[in-house]
Structures are given as C-alpha cells and as structure tokens.
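Colleague: Here is how the chains run, residue by residue.
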Amino acid sequence: GAVVSQHPSWVICKSGTSVKIECRSLDFQATTMFWYRQFPKQSLMLMATSNEGSKATYEQGVEKDKFLINHASLTLSTLTVTSAHPEDSSFYICSAQRENEQFFGPGTRLTVL
Amino acid sequence: GESVGLHLPTLSVQEGDNSIINCAYSNSASDYFIWYKQESGKGPQFIIDIRSNMDKRQGQRVTVLLNKTVKHLSLQIAATQPGDSAVYFCAETFTGGFKTIFGAGTRLFVKA
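Chains U and Y, in that order, give the protein sequences.
Throughout the first sequence, residue numbering follows the numbering used here, covering 1 to 113 in sequence.
Throughout the second sequence, residue numbering follows the numbering used here, covering 114 to 225 in sequence.
Next up, chain Y with everything else stripped away, as it sits in the complex (with noise of 0.2 Å):
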C-alpha cells in the first residue's frame, strides 16, 4: 500500500548546528503534511505542516520544505539544541478529516 518514508532513521548533529530531516511520500493525492516530534513516552507533539499548493513554511527554528515533483518533504531545524532530541515523524493526510498515514520517524541525536 501506499506509505511514507524516510530516508535517515538515525541522525546526530552537534549541538548549534543545523538538521535536516528528509521525508519521501508516494501518494500524490495527499494535499496536506505535518512533522510531529515525539519525546521518549509521550504522544506526537505537532511541529510544522504545509499544504500542496506550498513549497516551503516556515516557524519558529523550523521550516518545511515540500517537493511535489520527486513526493519529497523536509525538516529543517536550526540552530539544534538538546532539547530537539527526539524522534520526529512525517506524515501525510487529506483535507476533509481524512486519515493520517505515518512515515517510519527518524531518531535524532544533538550531541552537546
């Protein structure tokens, strides 16, 4: 069936510098996507998300980054502290209160 992957399932960086976090989504029906960070024992914490007719959205140290034309999304954090530790999922979903379909997630390391 159709899923959402990812490219890294690891990733360490060094405290201060930047993280990119890559997605690959292979339904192109999906018009709306999220990263959602997930902390040891807790649920999905919503980061950013972006809709299909944007290449890119920006927030708070984060910006989005979505491909249409190779299905390819990502997360760029900047400046990474330790507390971004975490393990972030992408996920896609249609707008009308359709299902979220969850990519594999990538751990990421911020070495202080």
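Isolated chain U, as found in the complex (with noise of 0.2 Å):
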C-alpha cells in the first residue's frame, strides 16, 4: 500500500507555455502533499506544501504565481508551472503524507526549450 503516482513521468515544452503535472495517492488519502524540486546532483527542495480544500503554503524564495497548486480531492495535488522557461527544467517530485510518513513519487523530468 501507499503508492503514489505523478502524472506525466516527463514532459518536453516550448518557453513561455504552462505545464500540469499531477501528485495521485493511489491506495490512501491525503490530506497533505508536498512538492519538491531537484536540479541535477542536488538535494530536493521543498517548494510548498499542498493542503486539500485550502491554499498551499509556499516555501521563501517560491513564486506561488508561477507555481501553481491544487489539491482539490484527497487523492490530487496538481503543480503548474506557468510561463515556464529554461531554467525552470528540474525534477519535480511529490509525496504524499499519512499519518506521519511520507511516501515519494516517482519523479516528472521537465525540460523547458
């Protein structure tokens, strides 16, 4: 049990369009996700974290308005990364927390042209 799923697993854009990528908690519900970001042969790095039915709550240094999250069911928490450019291709990663663990998922690889 406690899989989480992201939706797409990568995904190549053109500068300056939107990009969704979606959290899923297959087996459990969540009332908290996160989202992490991860550039190459570095750490995660907490973006914000994902509250169902209420605002996220961003980390300094995160724009909210370029990041956008939803997290409209117990079971999805949606990223989008807006007017994206070059140097926003990272690895995006969320989890999923219940009770008091957190259980990953599997990454999206964005690469913004």
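Some hints could be false.
To be verified - Only pairs whose alpha carbons sit at most 20 Å apart, straight line, appear in this in silico EDC-like list of lysine to aspartate or glutamate:
1) U:K41 <-> Y:D197
2) Y:K212 <-> U:E101
3) Y:K212 <-> U:E52
4) U:K41 <-> Y:E152
5) U:K66 <-> U:E99
6) Y:K224 <-> Y:D197
7) U:K64 <-> U:E22
8) Y:K212 <-> U:E87
9) Y:K155 <-> U:E101
10) U:K55 <-> U:E87
11) Y:K155 <-> Y:D197
12) Y:K155 <-> U:E22
13) U:K14 <-> U:E59
14) Y:K155 <-> U:D88
15) U:K20 <-> U:D65
16) Y:K212 <-> U:E63
No lab work stands behind these hints: they were computed from the structure.
Every value quoted in this text rests on a predicted model; they were computed, and no experiment measured them.
These two chains come separately, so use the hints to put the complex back together.
Modeller: Structure (structure tokens):
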C-alpha cells in the first residue's frame, strides 16, 4: 500500500508555455501533499505544502503565481508551472502524507526548450 | 537557515564491505529522522527511520545511529551490494506532519 504516482513522468515544452503535473495517492487519502524540485546532482528542495481544500503554503523564494498548486481532492494535487522558462527545467517530485509518513512519487522530468 | 548536511559527497566501497554514510543536522527541535535512497531518475525510497528518543535502530542490512549530543546521524549498510549504488539522503522532520528537510546527499559507488 501507500503508492504515489505522478503524471507525466517526463515532459518537454516550449518556453512561455504552461505545464501541469499531477500527483496522485493511489490507495490512500492524503490531506497533505508536498512538492519538491531537484536540480541535477543536488538535493530535494521543498517548494510548497499542498493542503486539501485550502491554499498551498509556499517556501521562501518560491513564486506562488508561477507555481500554481491545486489540491482539489484527497487523492490529487496538481502543480502547474506557468510561463515556463529553461531555468525551470528540473525534476519535480511530490510526496503524500499518511499519518506521520511521507510517500514519494517517481518524479516528473521537465525540460523547457 | 537550519539545514541537514553531510560530511562526504561521495563514497566508494568494495562489494561485500560495510558502508557508513554520515549526516549532521542543526535543528535540535527535530524529532524524527529518515534515510532515503534515490536511484537515478526516480523518487526517494524510504530505507529506515529513527525517532529522537532512540539511539539506534536496525533494519535488514541497515542500521541508523543517532547521536543527539553532537547532532549526528549515520547510516550503516552491511555487506554492501552493487544494487546499493545510489544517492542517499538524510532528512529531518517533526512529528505532527511538518515538512521534511533533506540533506545534501551522498553518492555511494559499489565496486564489484
């Protein structure tokens, strides 16, 4: 149990377009999900905490108008990278919380041309 | 700000040897620590955890040690195998659903 999926697993887009990444908890409900970004050879950096039915909490330095987070149901959170630029190219990873544990998705590789 | 850091960015070991990966944390309020393994292009995979009221916890081939006096965490892997090659992250968090802070990571290479 406790499986988290992400879709798509990879995406390539043109600069200036928007990209939506989905995070789903497949076999449990998660009131809280987290979004991370990971650049090559670096650690995971928390971007925001996504709470079902309320606004996301963003970490310092993360633009909330650029990285739109929606947690409309107990099994789905979405991250939309708006007006993507090459510097947004990264590995985006979500996690879903069940009780006191976090379960991570497989990640989404975003490449902005 | 507070962060979790690692002493060694890379570690190379011979297959069959034991591996020790170290981590230093700075937030004395953290009460829950986790080690994750991340293979290339994948999300982090839970290995083992330990709460602040413990000094040691053992799993299958892995042991985590916590020294709260010097704010140090270590992961020991016994009889390291090629499949253990990956990047290992320590992470700290707080019970009650607070966010998790990841350390810088150590890449483990296992030589056959």
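Colleague: Which of the numbered hints above does this structure break?
Modeller: 5, 8, 10 and 13
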